[in-house]
Amino acid sequence: EPEVTQTPSHQVTQMGQEVILRCVPISNHLYFYWYRQILGQKVEFLVSFYNNEISEKSEIFDDQFSVERPDGSNFTLKIRSTKLEDSAMYFCASSDLAGGGYGYTFGSGTRLTVV
Amino acid sequence: AQSVTQLGSHVSVSEGALVLLRCNYSSSVPPYLFWYVQYPNQGLQLLLKYTTGATLVKGINGFEAEFKKSETSFHLTKPSAHMSDAAEYFCAVSTYNNNDMRFGAGTRLTVKP
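Residue numbers (our numbering), protein chains in the order written: chain A, 1 to 115; chain B, 1 to 113.
FYI, nobody ran anything at the bench for these hints, they're computed from the structure. Here a beta-carbon is modelled for each residue, glycine too, at the ideal position from N, C-alpha and C. One should not assume that every hint holds.
What the simulated footprint calls covered on chain B by chain A, stretch by stretch (three residues with Cβ under 8 Å from a Cβ of chain A suffice, anywhere in the stretch; the number is not a length) [to be verified]: (1) 20 to 26; (2) 32 to 43; (3) 46 to 58; (4) 102 to 111.
Label pairs and their calculated CB-CB ranges [claimed, not checked]: (5) T5(A) / L7(B): 30 to 38 Å; (6) N41(B) / V24(A): 19 to 27 Å; (7) Y102(A) / N41(B): 19 to 27 Å; (8) Y102(A) / P40(B): 23 to 31 Å; (9) H10(A) / T77(B): 32 to 40 Å; (10) N74(A) / S3(B): 28 to 36 Å; (11) T5(B) / E53(A): 26 to 34 Å.
One chain only, chain B, in its complex shape (with noise of 0.2 Å):
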């Protein structure tokens, strides 16, 4: 089954600095790769994702991602973050010809002003 790590469980940046959550995947097909962010006490809101076509998908927020077949990754980034940006961000895989989306462990991000 596909899965996807992400490292790093919290990661903190400064208000207007640059965010950058790591994500790497496993699946034996092509996957579908998504973000998700959670704020305290919500569900979850998808913030972009990737199935086919352009690597680097642009998503809610300011956030992008890219997709690197060769790295196995699907880091998101965003230029300059705000305070509001303060949230746990999971990144999830699926693939087209299975109906199990699996999610990383999450990362918490702080944003210090």
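For reference, chain A alone in the conformation it holds in the complex (with noise of 0.2 Å):
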């Protein structure tokens, strides 16, 4: 069956550094998304990335967080200056169709620990 990758699966990183998480969604989805986990609570939207450009996105997507589809097979979240509060699994997923109508495929996530 069809897989999301996400590379890494642990990621520890200084406050202020810039990170960058990596997924390769499934290849004849068109529609990718980002979610993060903070330990023990909801799973949040981050933002959603269809036809090369964000279609929607959360108040938590600030400035500091960037995606990118760089190459057509690999979907890129960048945190520019992390900081403490990061500190979350994130989880890639994609879709094949608009309002994941057939459910998202999510990938198993990176945990990034930021000290």
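Combine the two chains into a complex, taking the hints into account.
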């Protein structure tokens, strides 16, 4: 069964450093998403991406965040200057229909720890 | 924007007992509704979904859910709990005209022997 692949599975970074989280969505999917889950809390929407541009973003997705699909395969989330409160599990997802009518397929996540 | 509320952050049942996890949604247009399961240290796995058509939907692992528009609910049930069902369950909502699926706070299901 097709999978969404995320790398790395764990990342530890110093506060103020830039991090890039990488995702390879399912190849024929057109819609891409990033979510985060702070330990023990709910899954929060960050951003959705379609046709090489952001289609929706939440209030969490401020200027320190950016997304990119650099090569038609990877989908990345960049955090420019990490803060302690950015420590969370970050999930990438993809879908083949607007609104996720068939559901989103999620990756296994990247656990980001900011120290 | 659409939202979901999951009643009960923790539910504990005995093995073999009925599982009922509650979800209510809010949406200004017809919703798409989903249940996801998350096992410890893993990602989110789709259990089942409702988009249109039959309001009783069946998913994996013996789970099912019923869309009730009049009650704005999409509760998840399973007739007989198994130890392997212990996990975190998330209800989620999206709509045909947006790309920001929103999740509930989650319900942790514990299954006692």
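Results for each hint:
1. Check result for the region 20 to 26 of chain B against chain A: violated, 0 residues qualifying (beta carbon to beta carbon below 8 Å, three or more required).
2. Counting residues of the region 32 to 43 of chain B whose CB lies closer than 8 Å to any CB of chain A gives 5, so the stated coverage by that chain holds, three being the minimum.
3. For the region 46 to 58 of chain B, the proposed coverage by chain A is satisfied: 3 residues have a C-beta within less than 8 Å of a C-beta in that chain, meeting the threshold of three.
4. Under a criterion of three residues with beta carbons nearer than 8 Å to beta carbons of chain A, the stated coverage of the region 102 to 111 of chain B is upheld, 5 such residues being counted.
5. Taking 30 to 38 Å as the suggested C-beta distance range, the pair T5(A) and L7(B) conforms, at roughly 35 Å.
6. Separation of N41(B) from V24(A) is about 21 Å and conforms to the stated range, judged on CB atoms against 19 to 27 Å.
7. For Y102(A) and N41(B), the Cβ-Cβ distance of about 26 Å falls inside the hinted range of 19 to 27 Å, so the restraint holds.
8. Range check, Y102(A) to P40(B): about 26 Å between beta-carbon atoms, so the 23 to 31 Å window is met.
9. Restraint check, H10(A) to T77(B): a C-beta distance of roughly 36 Å satisfies the suggested window 32 to 40 Å.
10. Taking 28 to 36 Å as the suggested C-beta distance range, the pair N74(A) and S3(B) conforms, at roughly 31 Å.
11. In this structure, T5(B) and E53(A) meet the distance hint of 26 to 34 Å, their C-beta atoms being roughly 32 Å apart.
The structure fails to meet hint 1 from the earlier list, while all remaining hints are met.
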